[in-house]
Amino acid sequence: MKMITAVVRPERFERVMEELENEGYIALTATEVKGRGEQKGIKLQFRGRTMEVDLLDKMKIEIVVDENEVDRVIETITSAARTGKIGDGRIFVIPVEKSVRIRTGEIIS
Amino acid sequence: MKMITAVVRPERFERVMEELENEGYIALTATEVKGRGEQKGIKLQFRGRTMEVDLLDKMKIEIVVDENEVDRVIETITSAARTGKIGDGRIFVIPVEKSVRIRTGEIIS
Amino acid sequence: MKMITAVVRPERFERVMEELENEGYIALTATEVKGRGEQKGIKLQFRGRTMEVDLLDKMKIEIVVDENEVDRVIETITSAARTGKIGDGRIFVIPVEKSVRIRTGEIIS
Amino acid sequence: MGLDSGDTAWILAATALVLLMTPGVGLFYGGMVRRKNALSTISLSFLALAIVSVQWVLFGYTLSFGSDVNGVIGGLEYTGLAGIGLEETGTIPHLGFVAFQLTFAAITLAILVSGMAERVRLSSFILFGFLWTTLVYDPLAHWVWGGGWLAELGALDFAGGTVVHISSGFSALAIAFVIGRRAGFGEHSMEPHSIPMTLIGSALLWFGWFGFNAGSALQANGLAANALIVTNTAASAGAIAWLLASWYHGKPSSLGMVSGAIAGLVAITPAAGFVDPLASIAIGAVAGIICYSAMLFRIGKGWDESLDAWAVHGIGGLWGAIATGIFAKESVGEYSGLIYGNVEQFIAQIIAAGSALVYAFAVTLILAKIIDMTVGLRVSEEEEYVGLDISQHGEKAYA
Amino acid sequence: MGLDSGDTAWILAATALVLLMTPGVGLFYGGMVRRKNALSTISLSFLALAIVSVQWVLFGYTLSFGSDVNGVIGGLEYTGLAGIGLEETGTIPHLGFVAFQLTFAAITLAILVSGMAERVRLSSFILFGFLWTTLVYDPLAHWVWGGGWLAELGALDFAGGTVVHISSGFSALAIAFVIGRRAGFGEHSMEPHSIPMTLIGSALLWFGWFGFNAGSALQANGLAANALIVTNTAASAGAIAWLLASWYHGKPSSLGMVSGAIAGLVAITPAAGFVDPLASIAIGAVAGIICYSAMLFRIGKGWDESLDAWAVHGIGGLWGAIATGIFAKESVGEYSGLIYGNVEQFIAQIIAAGSALVYAFAVTLILAKIIDMTVGLRVSEEEEYVGLDISQHGEKAYA
Amino acid sequence: MGLDSGDTAWILAATALVLLMTPGVGLFYGGMVRRKNALSTISLSFLALAIVSVQWVLFGYTLSFGSDVNGVIGGLEYTGLAGIGLEETGTIPHLGFVAFQLTFAAITLAILVSGMAERVRLSSFILFGFLWTTLVYDPLAHWVWGGGWLAELGALDFAGGTVVHISSGFSALAIAFVIGRRAGFGEHSMEPHSIPMTLIGSALLWFGWFGFNAGSALQANGLAANALIVTNTAASAGAIAWLLASWYHGKPSSLGMVSGAIAGLVAITPAAGFVDPLASIAIGAVAGIICYSAMLFRIGKGWDESLDAWAVHGIGGLWGAIATGIFAKESVGEYSGLIYGNVEQFIAQIIAAGSALVYAFAVTLILAKIIDMTVGLRVSEEEEYVGLDISQHGEKAYA
Ligand SMILES: Nc1ncnc2c1ncn2[C@@H]1O[C@H](COP(=O)(O)OP(=O)(O)O)[C@@H](O)[C@H]1O
Ligand SMILES: Nc1ncnc2c1ncn2[C@@H]1O[C@H](COP(=O)(O)OP(=O)(O)O)[C@@H](O)[C@H]1O
Ligand SMILES: Nc1ncnc2c1ncn2[C@@H]1O[C@H](COP(=O)(O)OP(=O)(O)O)[C@@H](O)[C@H]1O
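Residue numbers (the numbering used here), protein chains in the order written: chain B, 62 to 170; chain D, 62 to 170; chain X, 62 to 170; chain E, 17 to 415; chain A, 17 to 415; chain C, 17 to 415.
Okay, chain B solo, but in the shape it has when bound (with noise of 0.2 angstroms):
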């Protein structure tokens, strides 16, 4: 199994939860972060200076599924999260060795 952790906008979040779910993709955990990208963030300019606010509220969503599922569940989280700007945030592909259902002890793999 793989978890897939995603940092998103959040005002994409809405939007990526509903299209995860019309492909089938329910279960996920939402935290919410704070981000800065290679681009340090947004320029401003402010009274002939440039200021930088490097650190942006961003939604990172963690999903775990078989590793045959993993390429369509990131493409639906980059088709719904893609603004196309700078700041549309990352994907990344993190193996798990084991997963447990709490509620029955059950192990998934």
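Hints were generated in silico from the structure; no laboratory data involved.
Backbone N, C-alpha and C fix where the C-beta goes; we use that ideal spot for every residue, glycine too.
Don't take every hint at face value.
[Stated by the list, open to error] Cross-link-like lysine-lysine pairs, in silico, BS3-like; alpha carbons within 30 angstroms at most:
{"id": "1", "chain 1": "E", "residue 1": "LYS267", "chain 2": "X", "residue 2": "LYS146"}
{"id": "2", "chain 1": "D", "residue 1": "LYS95", "chain 2": "B", "residue 2": "LYS159"}
{"id": "3", "chain 1": "D", "residue 1": "LYS101", "chain 2": "B", "residue 2": "LYS104"}
{"id": "4", "chain 1": "E", "residue 1": "LYS317", "chain 2": "D", "residue 2": "LYS146"}
{"id": "5", "chain 1": "D", "residue 1": "LYS146", "chain 2": "B", "residue 2": "LYS104"}
{"id": "6", "chain 1": "D", "residue 1": "LYS146", "chain 2": "A", "residue 2": "LYS385"}
{"id": "7", "chain 1": "A", "residue 1": "LYS385", "chain 2": "C", "residue 2": "LYS267"}
{"id": "8", "chain 1": "X", "residue 1": "LYS95", "chain 2": "E", "residue 2": "LYS412"}
{"id": "9", "chain 1": "B", "residue 1": "LYS101", "chain 2": "D", "residue 2": "LYS146"}
{"id": "10", "chain 1": "X", "residue 1": "LYS95", "chain 2": "C", "residue 2": "LYS412"}
{"id": "11", "chain 1": "X", "residue 1": "LYS95", "chain 2": "X", "residue 2": "LYS146"}
{"id": "12", "chain 1": "X", "residue 1": "LYS146", "chain 2": "X", "residue 2": "LYS101"}
[Said to hold, decoys possible] Incomplete in silico selection of chain A near chain E, CB under 10 angstroms:
{"id": "13", "residue": "GLY101"}
{"id": "14", "residue": "ALA236"}
{"id": "15", "residue": "LEU271"}
[Unchecked claim] Taking CB as the label site, the calculated pair distances span:
{"id": "16", "chain 1": "X", "residue 1": "GLU113", "chain 2": "D", "residue 2": "THR144", "range": "53 to 59 angstroms"}
{"id": "17", "chain 1": "D", "residue 1": "SER140", "chain 2": "B", "residue 2": "ASP118", "range": "35 to 41 angstroms"}
{"id": "18", "chain 1": "C", "residue 1": "GLU168", "chain 2": "A", "residue 2": "GLY87", "range": "53 to 59 angstroms"}
{"id": "19", "chain 1": "X", "residue 1": "GLY166", "chain 2": "E", "residue 2": "SER396", "range": "40 to 46 angstroms"}
With chain B held as given, fit chains D, X, E, A and C with the ligands onto it using these hints.
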């Protein structure tokens, strides 16, 4: 080493902490998250209609332990967090390649 | 690629950010978390009794970098976050199998 | 006597002050509940205000202050405030008196929320609130202030220790018994989601209480000033006493400090026009300790009277009623209490407080039970788990 | 007549009450915006207060209440409050009247923030606010209260339904049209970041409104008491009506409940000294429903008049002006309305409300357009994305 | 003269207004500290109120306002408020005067929290507060208002610029020197955890200040109205001035805006009954700039007078005392200042302000030092790191 990532009900968080402590697993990191399970949360009846509350508050616990401790940690969390009802949560095990103690700079493996 | 997950004191977070930037590691994701270390937090004396404050505020930083950057990132974080006292935190290194830039859909390495 | 503009100015200002107390109770309570029930808890206070305001104009006022019918209820001559124009009663406009009294009726219902917080159905609260204010508050107000049988008995209640606090405190307990404990009560901790919100509520309550007690003089005079300073003193003594008591048992919490202040304010309420400042230190301090003990007792019993209206308003009001019979001083309010040798007053106080207590508790128990058995007082298990903000209001407090 | 200390006490207290409403609006609005614009939104209310306070002393008061010039504006004799010493006007100090009126001018500008929230440039707001209060508020205040042409016409506006609410509500709409929608409006949800903050704001507004309406009697008498109780009743009826209406459509939100209360308060404002308590139930309840419908209409149209000043203050004020012409009762305020057969009053109300509406909307549209085309009304796309707290103030609301 | 119900109504209302300022200071400060010290900071204000309220009734009032003993302290005839019944002093009830003055004593101690925020031991604060109000506040109040030597000198202090603000501001600085800097001060940023809370506090302060200054007329008359409008104007001018000054240096923060408002309010306090509205614009604006500069100076020096009581209350109060000597206008308050040629008044102001400053600073320094060396003023390193909410109160502000 492994990182054990558990998503549990917030009202069970305290108990999980205590049980882990009793078993000698003191160190951990906790994050407030929101989650939606495969059952899409909770359905409420409202004036004849059904309303879904899909994102519910959860606590995420991350514990990094040696490989041979993994099962005992999982067991401890599972038994402390289980109510037997939908929403009890998941545990994921992720490989950790390196672990450093910042205070000393030493590498714990 | 690797995800470097560092849990640091919140009052050192700013400095860690700056040092990482100086070293050229701009991109990162940060989360407010609570943590308890092996020493079980801080013990306070109160009217003859001992009171333990075990969950303390921490900042978690996640940075995904190429394998060969890992050590430099660890070093940078370690030196910026260290006070030498209990509670300085940990750094964990986790394997990342894939990394996607949502804006372009491109897969990074 | 004719209208006095100074007295009128004070009654208008005092009415505004007491008005603010009802949302104040909402914030006081709202901070103490879990995040998922924050809006519900605050909203019930606003709703109490809205419901009672309309009911009062329609018939609540006349049931309370209409011409006495057999000592138990007011007549119907003021239905819809009919016949009340711009003329005065005493030295203030009659409508000013109506409005001032209205704010008391409203806050009393708001205090009740304590017994059903985090689990009551919104619609059932509306129904319950409307009936409770009609069946419990209005008669009690009539008995004590409207020329009813307790007034005849000579019982003193300057600003509502019996009518407002004993009645709401014990009614909250009755509701708590009927509606049952919150899911998870006693199993896992239910920490207040925002103590600063509770502190803001306390500030508004302390502030508004000056209108509550000093306004009850119905004149801007020395008696009002006496009521104001004893009110402040009792609040302070209560805050310090509860703080010290809880310090002795563990840590001196800020929640304890303000609970003590409210306890002191409750206890001085019936006494404010009858006792002097030194007595108010004693009344407040004892209130802090008694109410703190009552809270410990309640917790020990496993009663989920969730936000301690019983411990603070019920027991604090009881103590205040008795304390009035102990400390009343002739030079302040023309009556003497036990320490000045007047046993009769002391007994009258106990009878009045006891009657109000029994009436409020019993009628509330029956009313709550009937509503629970018919439309249902409590939300479903899922709704409670998800929280009332989402399940009852479709909202989240914080984004 | 000579100074009356009771009337003076009341006007001083009422001024304090209304003063608190301006930050109250700030909190009411501040809770409804996104976290990243919380400080900006609250600050604009404070700034409205600061700007108007200074402008009022310098020349706003004299433009509004100086000796009438052709029915359209006040003369300049009170520039810098020159010549106003400690003497009285009527039974209260002239400076008390100046201060009381000032608080009305301040809150009117604060209400306007609704139409530009989360996207206005701080510096442009300051410029706009200064000009708007001078060009729109001051003339309107003169027309209605300062002896101008609407006063001549016989239009009734007890406490500012026309001057304050219609003018601010329709001006907010005009600004919203000029400044344009917030980025992402209609695409993704923009949830209120703290409804408890909005509820605190509502509590302060309800409280302060007693000063607003009952203070407008300018005396502490039966009329003030009438104004106070109808104010409270209309607020309550409005809260209940909006709650029920939104319940019918979905969930009864707490935000709806307090919006309804504000709608009721707005609607009763022009009527408070002319109608009786029963009429105020009708006025408030209808206000709750009309304003709720106006909000749905606005959303349907895709107008981003973001915090509903138009729906609540504009439409509520319009209804209130008309309702005054319907329900005015001679025994309360010496005037009769439509239901007592007085068609003329009804028509005068419509003319006055309509004129104020058109004047405020048109002048605001032009003023906003000019500022937008010159210095620019709106922040840049990046600044809006990052939020006004950081981009305009360099601050974060919560650490 | 006999009791005047209007004056009494105003003093009662004003007392309520000032009372609310003490928790208002708590919120103002509470928003500026880190989350882990939020409850502690707010609670210290409540505690200041509770401690001073009891002390005032027991002997604080008599030390301040008892019959003069050699110009330095009041006699003991009012110990326990003995002999103060329902009769009047001037045109208001004596107990009303006692209560009004009490609220000043309470807030003065609350302002001091600034100098020890986020590091003071709860028990030591209680001890310190009790002694400070007795040894510093009570004598100063006597000197200026109770017939002491500064009153004799002819120094003017309408509402407490010297007694309240200079004394608290400079005392806060003295404490800051004794208790030392917060751990990490200057090393890492300590961002305010909730600026909206600070804005709520500011709103309550601005509101309450109308009671503070206009109430100090002790009558509901033209002088009170003058005090009210100059208060509002100075606050507004101060807010605008600080905003612009900080804009010039960087971003115009909302925290700066309200700090400027408080600076303006502080500076107008001693002058409110002596200057006219135009002068109040100058006084407020200069206060905004001077206090902003004082804050920059303090930061430059590395002084951890954490919440700027010194810069805002100390320096603002000093400026206000001097400004009273500059702008006092005979037609307002019977005294003339420097611009009307009266050098003596100017000098009297400087002497009075300087004496209060030195007395407050010196006694506080000694008192704080003694407490620090005996029971210890400061929490342990671990307690500070964990935060005072947990270590002193056993609570968390937000769950
Ligand atoms: N290397 C990284 N490690 C951790 N988080 C990252 C990394 N790169 C990007 N992020 C996260 O993604 C967010 C968006 O990144 P950004 O570079 O602005 O987006 P993009 O370049 O994909 O448009 C950042 O705010 C951060 O939270
Ligand atoms: N596949 C998944 N990926 C990420 N998080 C998950 C996944 N499945 C469950 N979770 C987390 O666990 C929580 C509980 O899941 P749920 O399915 O309701 O529990 P269960 O079925 O184990 O009773 C969810 O709210 C979510 O946070
Ligand atoms: N094994 C672990 N698993 C997860 N998080 C940990 C672990 N050990 C430490 N942490 C995190 O690091 C923080 C600091 O740990 P601590 O043991 O106090 O530091 P140190 O011993 O390195 O000085 C903890 O609060 C916790 O958040």
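Verification of the hints:
1. E/LYS267 x X/LYS146: holds (27 angstroms)
2. D/LYS95 x B/LYS159: At roughly 21 angstroms apart (the allowed maximum being 30 angstroms), B/LYS159 and D/LYS95 satisfy the hint.
3. D/LYS101 x B/LYS104: Roughly 40 angstroms separates the two Cα atoms, so the pair is violated.
4. E/LYS317 x D/LYS146: Between E/LYS317 and D/LYS146 the Cα gap is close to 29 angstroms, so the pair holds against 30 angstroms.
5. D/LYS146 x B/LYS104: violated (48 angstroms)
6. D/LYS146 x A/LYS385: Distance of about 59 angstroms is beyond 30 angstroms: violated.
7. A/LYS385 x C/LYS267: Answer holds: A/LYS385 to C/LYS267 is near 26 angstroms, not above 30 angstroms.
8. X/LYS95 x E/LYS412: Holds - the C-alpha atoms of E/LYS412 and X/LYS95 are around 24 angstroms apart, at most 30 angstroms.
9. B/LYS101 x D/LYS146: violated (44 angstroms)
10. X/LYS95 x C/LYS412: Answer holds: X/LYS95 to C/LYS412 is near 13 angstroms, not above 30 angstroms.
11. X/LYS95 x X/LYS146: holds (17 angstroms)
12. X/LYS146 x X/LYS101: holds (14 angstroms)
13. GLY101: violated (23 angstroms)
14. ALA236: holds (4 angstroms)
15. LEU271: holds (7 angstroms)
16. X/GLU113 x D/THR144: 53 to 59 angstroms: Roughly 27 angstroms apart at Cβ, these two residues miss the hinted range, so it is violated.
17. D/SER140 x B/ASP118: 35 to 41 angstroms: holds (37 angstroms)
18. C/GLU168 x A/GLY87: 53 to 59 angstroms: Since C/GLU168 and A/GLY87 have Cβ atoms about 57 angstroms apart, the given range 53 to 59 angstroms holds.
19. X/GLY166 x E/SER396: 40 to 46 angstroms: holds (45 angstroms)
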